[in-house]
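Sequence lines, in order, name chains P and W.
Using the working numbering, the first residue of the first sequence is number 3, and each one after it goes up by one.
Using the working numbering, the first residue of the second sequence is number 218, and each one after it goes up by one.
These aren't lab readings, by the way, just hints derived from the structure by calculation.
Don't be surprised by glycine CBs; every beta carbon is placed ideally from N, CA and C.
It is possible that some hints are incorrect.
Using 27 angstroms as the maximum straight-line C-alpha spacing, the simulated DSS-like pairs for lysine-lysine come out as follows [unchecked claim]:
#: 1; chain 1: W; residue 1: K741; chain 2: W; residue 2: K782
#: 2; chain 1: W; residue 1: K741; chain 2: P; residue 2: K72
#: 3; chain 1: W; residue 1: K362; chain 2: P; residue 2: K54
#: 4; chain 1: W; residue 1: K398; chain 2: W; residue 2: K362
#: 5; chain 1: W; residue 1: K782; chain 2: W; residue 2: K589
#: 6; chain 1: W; residue 1: K461; chain 2: W; residue 2: K528
#: 7; chain 1: W; residue 1: K528; chain 2: W; residue 2: K431
#: 8; chain 1: W; residue 1: K244; chain 2: W; residue 2: K431
#: 9; chain 1: P; residue 1: K72; chain 2: W; residue 2: K782
So these bits of chain P aren't anywhere near chain W, every CB distance computed over 10 angstroms [stated by the list, open to error]:
#: 10; residue: D76
#: 11; residue: P92
#: 12; residue: V94
#: 13; residue: Y121
#: 14; residue: D127
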Amino acid sequence: MNAMNTTLRTATISVLVENEAGVLARVIGLFSGRGYNIESLTVAPVDDEGHKSRINIVTSGTEMVIQQIKAQLDRLVPVYRVADLTQIGPHVAAEMALVKVISDNADRRSEALRFAGEYGARTVDATETSFVFEMTGSTEKLDAFLDTMRPLGLAEVSRTGVAAMTRGTTII
Amino acid sequence: MSTIAPAPAASETLTLSGAEVLLRALKDQGVEVIFGYPGGAVLPIYDAIFQQNAIRHILVRHEQAAVHAAEGYARSTGKVGCVLVTSGPGATNAVTGLVDALMDSIPIVCLTGQVPTHLIGNDAFQEADTTGITRPATKHNYLVKRSEDLARVVHEAFYVARSGRPGPVVIDLPKDILINKAPYVAAATAAHRSYRPQTQPDAGQIAKAIALLKSAKRPVIYTGGGVINAGDAASDALRRFARKTGYPVTSTLMGLGAYPANDPLFLGMLGMHGTYEANLVMHGCDVMLNVGARFDDRVTGRLNAFSPGSKKIHIDIDPSSINKNVPVDVPVVADAAAALEALIAAWDADPAQPDRDGLAAWWRQIDTWRGKDSLRFTQTKAKGGVIKPQYAIQRLYEITREMDREVYITTEVGQHQMWAAQFFRFDRPNRWMTSGGLGTMGYGLPAAMGVQIAHPDALVIDIAGEASILMNIQEMSTIAQYRLPVKVFILNNQYMGMVRQWQELLHGGRYSESYSEALPDFVKLADAFQGVGMRAQSVDELDDVIRAMIASPTAVIADIAVDQKENCFPMIPSGAAHNDMILGPEHESRARGISDEGLVLV
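Work the whole structure out from these sequences, hints included.
Right, here's the structure in full:
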């Protein structure tokens with residue numbers, strides 16, 4: 003580990019936790035209390051009985067800070083496992099966004115619809131002056147889609163945050 | 218899935234109330250003493266306490282003191298300390314003690330009352346979001362919402378408090394859970410489902426550590442509270458390892474006593490008020506073995522100038538302590554005793570010879586640093602002479618050494634604490650109780666109370682300042698109630714001494730609000746609490762007061778008037794390096810001025 007390295011890196015960390023009251027507050031409190039970044043955070047139960055939840059966190063920091071984040075997470079009592087997907091190897095990371103575009107201008111609406119098709123977004127709602135698109139993909143792809151929609155009447159965005167998983171047979 | 222305890226069989230008749238189940242679980246966990254204060258939400262527990270004799274309850278006068286007392290109990294016995302407070306203000310008052318225990322890694326289980334489950338969230342009378350408030354103040358906390366979880370949670374809380382890096386655990390207990398019948402279950406024998414701290418060292422890391430240690434020319438062993446927490450076995454292993462290698466040993470404030478202070482290998486405490494030789498050894502070493510210390514800012518000084526030329530080995534049970542402040546070369550995640558035993562075995566098994574010539578040269582260098590005698594002070598012995606605070610502690614130490622009694626020292630926080638660390642020389646672990654991480658004024662008196670409860674025949678002394686002692690002075694009443702012969706040894710300079718010292722050195726001598734105005738008459742105060750008050754005004758009175766204090770069968774407050782202008786040296790100013798120490802007036806060399814960067818540091 004090159005601990006003196008001061009360059010920032012982004013890390014996608016998956017944490018398997020006991021699904022109990024307060025566990026999310028513990029994780030969030032850890033980040034705010036120690037001054038770590040949270041760029042994205044998702045949480046949901048992932049096993050059959052709903053006793054374990056998976057928290058996916060996208061964070062950034064120096065190598066030393068990211069190692070600290072993982073160690074601090076790992077010592078929380080209800081944490082089973084902490085996996086740094088960025089380090090384990092290739093992984094997929096995706097999020098979903100609902101994007102509302104409102105425009106009185108027919109040209110803009112048709113442009114919006116065309117770009118949505120190009121990006122592979124689904125149209126899940128439409129009125130005479132609006133669309134709601136549903137789009138899944140990498141954070142960068144979603145960002146690019148939003149940039150495209152902005153001049154076309156982008157009115158509202160709801161994003162899920164990142165869900166992530168290693169590629170291949172590796173499991174955390 | 219173990220969060221859900223098996224439902225009691227329909228035929229099983231529940232006979233115990235939640236409060237009774239709680240006490241049974243405490244008893245099964247070996248609890249003999251609870252420090253607490255009653256209130257509405259915990260009345261069912263107090264009713265159950267009333268009807269049993271296995272667990273003794275000590276009634277404190279403030280909930281903060283209950284936690285510090287439990288800390289004193291825990292630190293002097295190695296057991297888990299137990300606290301019981303009511304909801305709302307009972308819990309919020311306990312928070313300072315909980316953070317104190319968290320910072321110093323002291324195992325505590327704190328039971329807090331809570332309003333009944335159906336009222337939670339309604340802003341009920343004496344309701345507070347205790348689990349929310351104490352989440353960052355504890356190692357872990359629980360809110361028991363179902364009777365069937367109660368016994369399991371209590372057992373688990375004790376496991377979490379004492380395992381891995383120890384710490385405080387809160388169990389929040391709604392009143393209906395305490396009243397309703399609840400099933401009792403014994404402590405689980407299986408491993409905890411998610412919390413399983415690593416205690417055994419990795420053999421490969423031990424081998425790397427030994428290779429570094431054997432090649433060292435200028436080694437140092439830097440030990441901390443982790444050695445104390447790992448029990449007598451760790452202190453014993455530390456002594457054997459140090460004597461086997463002949464390597465110098467220094468200790469943090471928290472680790473004092475793990476290695477005997479009078480041993481020739483011991484360099485004294487390191488850090489901000491550590492000895493000249495300890496800090497220069499840290500600065501100049503080529504291999505550092507850190508056992509159970511956490512590179513605290515009070516130890517490292519300026520990080521980018523900390524021990525610049527050394528390879529560092531760090532043994533810690535908490536992986537998050539490793540590479541947190543200081544990058545290390547060989548991390549070893551393990552219990553200190555297990556790691557030290559592994560080092561001893563690997564040292565013996567390794568055919569390589571240590572560098573004896575290098576070590577001899579290193580000791581010659583250390584001896585020249587020692588020759589500086591950085592703790593030196595001059596005490597006039599003339600009749601009526603002003604007592605130097607260092608001399609007061611030195612005499613206290615020497616006089617207690619004359620007796621064949623177990624001596625336990627607690628402190629408050631400030632100059633007196635540092636002088637106690639410098640001049641009271643501990644040769645055994647668990648004899649020194651001080652608030653290291655949080656620096657809690659008001660810690661020492663209740664902690665001494667807890668120590669005295671655990672060791673009724675021992676001599677327990679709270680070395681205090683006149684400002685700190687007032688922060689939990691109400692505990693004199695508890696001390697009176699249980700006839701605890703606690704001795705309070707106040708170094709009275711009529712200033713918040715450490716504040717005054719920083720104002721002198723860093724803030725142009727503007728002594729803003731640091732003068733102890735309108736002090737009580739401590740002799741009368743002792744009398745008012747059924748103790749004995751004594752006073753030493755000058756150096757010729759000191760020994761008599763110390764002897765009378767020790768001989769007294771009751772609680773004593775000894776008010777020792779000391780030099781008001783005395784500062785605590787050596788001192789590494791904030792933001793300075795280990796080799797940039799301010800020495801006392803006895804020495805000529807003064808450090809450079811403090812940088813602006815240093816001024817913002819505490």
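Against the structure, the hints:
1. W:K741 / W:K782: Given that 27 angstroms is the threshold and the Cα spacing comes to 26 angstroms, the pair holds.
2. W:K741 / P:K72: 55 angstroms, violated
3. W:K362 / P:K54: Holds: W:K362 and P:K54 sit about 19 angstroms apart, inside 27 angstroms.
4. W:K398 / W:K362: Judged against 27 angstroms, a Cα distance of about 13 angstroms means the pair holds.
5. W:K782 / W:K589: Cα-Cα ~23 angstroms, so holds.
6. W:K461 / W:K528: 21 angstroms, holds
7. W:K528 / W:K431: 12 angstroms, holds
8. W:K244 / W:K431: Violated - the C-alpha atoms of W:K431 and W:K244 are around 48 angstroms apart, more than 27 angstroms.
9. P:K72 / W:K782: Distance ~48 angstroms between P:K72 and W:K782 Cα, so the pair is violated.
10. D76: 7 angstroms, violated
11. P92: 26 angstroms, holds
12. V94: Per Cβ check, P:V94 is outside 10 angstroms of chain W; nearest 26 angstroms; holds.
13. Y121: 41 angstroms, holds
14. D127: Label holds. Min Cβ-Cβ 36 angstroms, cutoff 10 angstroms.
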